[in-house]
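**Q** Sequence:
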Amino acid sequence: MKKINSALISVYHKERLDEIVKHLSKLNIKIYSTGGTYDFIIKLGIDAATVESLTSYPSILGGRVKTLHPKVFGGILGRRDNENDMKQFAEYDIPEIDLVIVDLYPFEETVASTDNEAEIIEKIDIGGISLIRAAAKNYKDVIIVPSFSQYDDLIKLLDEKNGSSDIEDRKYFATQTFKVSSHYDTAIFNYFNGDEDIAFKQSFTKSKVLRYGENPHQKGLFFGNLDEVFEQIHGKAISYNNIGDLDAAINLIKEFDEPTFAVLKHNNACGIATREKLIDAWKDALSGDPVSAFGGVLITNREVDEETAADINSLFFEIIIAPGYDNKALDMLKSKKNRIILQKKSYDFPVKQFRSVMNGVIVQDTDLKTETEEDLKVVTKLAPSRYEIDNLLFANKVVKHTKSNTIVLVKNKQLCASGVGQTSRVDALKQAIEKAKSFGFDLNGAVMASDAFFPFADSVEIADKAGIKAVIQPGGSIRDKDSIEYCDEHNMSMVFTGVRHFKH
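Its first residue numbered 1, the sequence shown is counted upward by one per residue in this note's numbering.
Rather than coming from a laboratory, the hints here were simulated on the basis of the structure.
Even for Gly, the Cβ is constructed at its ideal location relative to N, Cα and C.
Hints are supplied without guarantee of correctness; some may be wrong.
As a list, the in silico DSS-like pairs of lysine-lysine whose alpha-carbon atoms are at most 25 Å apart [stated by the list, open to error]:
no. : residue 1 : residue 2
1   : Lys369    : Lys344
2   : Lys2      : Lys71
3   : Lys277    : Lys381
4   : Lys171    : Lys2
5   : Lys140    : Lys156
6   : Lys369    : Lys352
7   : Lys30     : Lys14
8   : Lys377    : Lys206
9   : Lys179    : Lys219
10  : Lys161    : Lys140
11  : Lys503    : Lys413
12  : Lys156    : Lys30
13  : Lys30     : Lys2
14  : Lys413    : Lys344
15  : Lys369    : Lys413
16  : Lys156    : Lys14
17  : Lys283    : Lys437
18  : Lys336    : Lys352
19  : Lys344    : Lys206
20  : Lys334    : Lys277
21  : Lys236    : Lys344
22  : Lys206    : Lys219
23  : Lys156    : Lys87
24  : Lys430    : Lys413
25  : Lys26     : Lys2
26  : Lys206    : Lys137
27  : Lys465    : Lys481
28  : Lys254    : Lys277
29  : Lys283    : Lys334
30  : Lys344    : Lys208
31  : Lys137    : Lys30
32  : Lys87     : Lys14
33  : Lys156    : Lys137
34  : Lys161    : Lys87
35  : Lys87     : Lys30
36  : Lys236    : Lys345
Label pairs and their computed distance ranges (CB to CB) [unchecked claim]:
no. : residue 1 : residue 2 : range
37  : Leu368    : Asp166    : 48 to 56 Å
38  : Lys236    : Phe349    : 18 to 26 Å
39  : Met358    : Asp305    : 44 to 52 Å
40  : Asp159    : Glu258    : 53 to 61 Å
Whole structure, please, built from the sequences with the hints as guidance.
**A** Here it is, written out as structure tokens:
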């Protein structure tokens, strides 16, 4: 155990600092401090010494240089069990500093709040980041508190061990320090890097242990802050697979402005419909595939009312997420203790996506392209009707968020069926047609969307024979004319978007 005799405090945020310094004062720990932190402590009626009184140098360059001095860093980095270090302590009158408390300049918050480059640059901490790295390096002798988020840990330590610490305590705080410093440096690098992509660096400081990974024998964790995306109102802990489904569900529902309900399973929509009334949107989404909906994820872009909740409540599902619930609806949905009920918040997802592959990471821009009527190029003699255009655009939104190879069949703004994750486009189409018929859908007058071009005319021929008369696809095949000619000969309309929407 090592006794804490002196502390250096230099913080940006003063939140809860009064608690800390009162604990230190009670334990008769000498306090050195800087600028505004010193003034704050003195106003509390607690004795402290300025760093300037230790270094004999004032704060200079507009506060850019305050603690960068051998007497400060020597007091932190000096090895107490090293005879030569201790001789130099005595020779240069360097005090031992046993505890360092720092809260770095808010760089990320500044970047988020302003485009003023000068203001952002001034929030790159130099002295603070140097102090915490020095103290963490010398964790055998020094405790470092790198952020006010570690104040609870420090207070607990001071109370339980009466102002002392052991090596495990100090190593724990050092680990927290390098988490803080590496995250801070990553944020600065990414600001300077911009869109240059000269290196891949991401940092998430919050982590959540999940029940398991994709399967029970796999360990699973989530790094990030789910509280920014939704509030969990009820139910069991969210799983690894739940998070993947929620990501898919939220990205899908963002495409729709009218009242829409969707049911997802394994990241794909098995039902989705847009209607004037939410209850109708729910019923038609469910009818798209009531079998797959069992144990699925439900999402809507409207507040869930009592009528809709009553109908939903009869189904076994894992998760429902909505922007809100009326009180009676919520009470009803809470009747199953493990059912996960989430309230979606307004949150913009990152514009970059990445995942680990082999011995590295692949990164891409998020697919933010959503086609509108202006993007459609009619390539057949027959142009789609108003009704068909609305349904083609609906289908194209769904196909964008469905695993490739995929075909989506839509009628009256309702998903009739989709062929998902097939190795050939024809197989995806056949799967969709068979599935639609198995649930009693009449495909006459339905529309078809494809995530990529048709390499041959066989797909439009199969669709035609199933009753489908309007098609949306990216185009771009060297055999596009074969599909166009078939459509022209069989009174079908087809539009090209020029945009492929592969999703793997």
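**Q** Now tell me if each hint is right for this structure.
**A** Quick rundown of the hints versus the structure:
1. Lys369 to Lys344: Measuring from Cα to Cα gives roughly 23 Å; hence the hint holds.
2. Lys2 to Lys71: The given pair, whose Cα atoms are some 21 Å apart, holds under the 25 Å limit.
3. Lys277 to Lys381: violated (36 Å)
4. Lys171 to Lys2: Roughly 13 Å between the alpha carbons, so the hint for Lys171 and Lys2 holds.
5. Lys140 to Lys156: The given pair, whose Cα atoms are some 20 Å apart, holds under the 25 Å limit.
6. Lys369 to Lys352: OK: Lys369 and Lys352 at ~13 Å, within 25 Å.
7. Lys30 to Lys14: Holds - the C-alpha atoms of Lys14 and Lys30 are around 19 Å apart, at most 25 Å.
8. Lys377 to Lys206: Judged against 25 Å, a Cα distance of about 46 Å means the pair is violated.
9. Lys179 to Lys219: holds (22 Å)
10. Lys161 to Lys140: holds (17 Å)
11. Lys503 to Lys413: holds (22 Å)
12. Lys156 to Lys30: holds (19 Å)
13. Lys30 to Lys2: holds (15 Å)
14. Lys413 to Lys344: Holds, at roughly 24 Å.
15. Lys369 to Lys413: holds (20 Å)
16. Lys156 to Lys14: holds (19 Å)
17. Lys283 to Lys437: Status holds; Cα separation ~18 Å.
18. Lys336 to Lys352: This hinted pair is violated, its Cα atoms lying about 37 Å apart.
19. Lys344 to Lys206: Roughly 20 Å separates the two Cα atoms, so the pair holds.
20. Lys334 to Lys277: holds (23 Å)
21. Lys236 to Lys344: At roughly 17 Å apart (the allowed maximum being 25 Å), Lys344 and Lys236 satisfy the hint.
22. Lys206 to Lys219: holds (17 Å)
23. Lys156 to Lys87: violated (34 Å)
24. Lys430 to Lys413: Holds. Lys430 to Lys413 sits at ~21 Å (cutoff 25 Å).
25. Lys26 to Lys2: Satisfied, since the Cα-Cα distance of roughly 17 Å is no more than 25 Å.
26. Lys206 to Lys137: holds (23 Å)
27. Lys465 to Lys481: Holds, because 19 Å separates the two Cα atoms, which is no more than 25 Å.
28. Lys254 to Lys277: Holds, at roughly 18 Å.
29. Lys283 to Lys334: holds (20 Å)
30. Lys344 to Lys208: holds (19 Å)
31. Lys137 to Lys30: holds (22 Å)
32. Lys87 to Lys14: Roughly 36 Å separates the two Cα atoms, so the pair is violated.
33. Lys156 to Lys137: holds (23 Å)
34. Lys161 to Lys87: violated (30 Å)
35. Lys87 to Lys30: holds (22 Å)
36. Lys236 to Lys345: holds (20 Å)
37. Leu368 to Asp166: 48 to 56 Å: holds (52 Å)
38. Lys236 to Phe349: 18 to 26 Å: holds (25 Å)
39. Met358 to Asp305: 44 to 52 Å: For Met358 and Asp305 the Cβ distance comes to about 49 Å; the hint holds.
40. Asp159 to Glu258: 53 to 61 Å: holds (57 Å)
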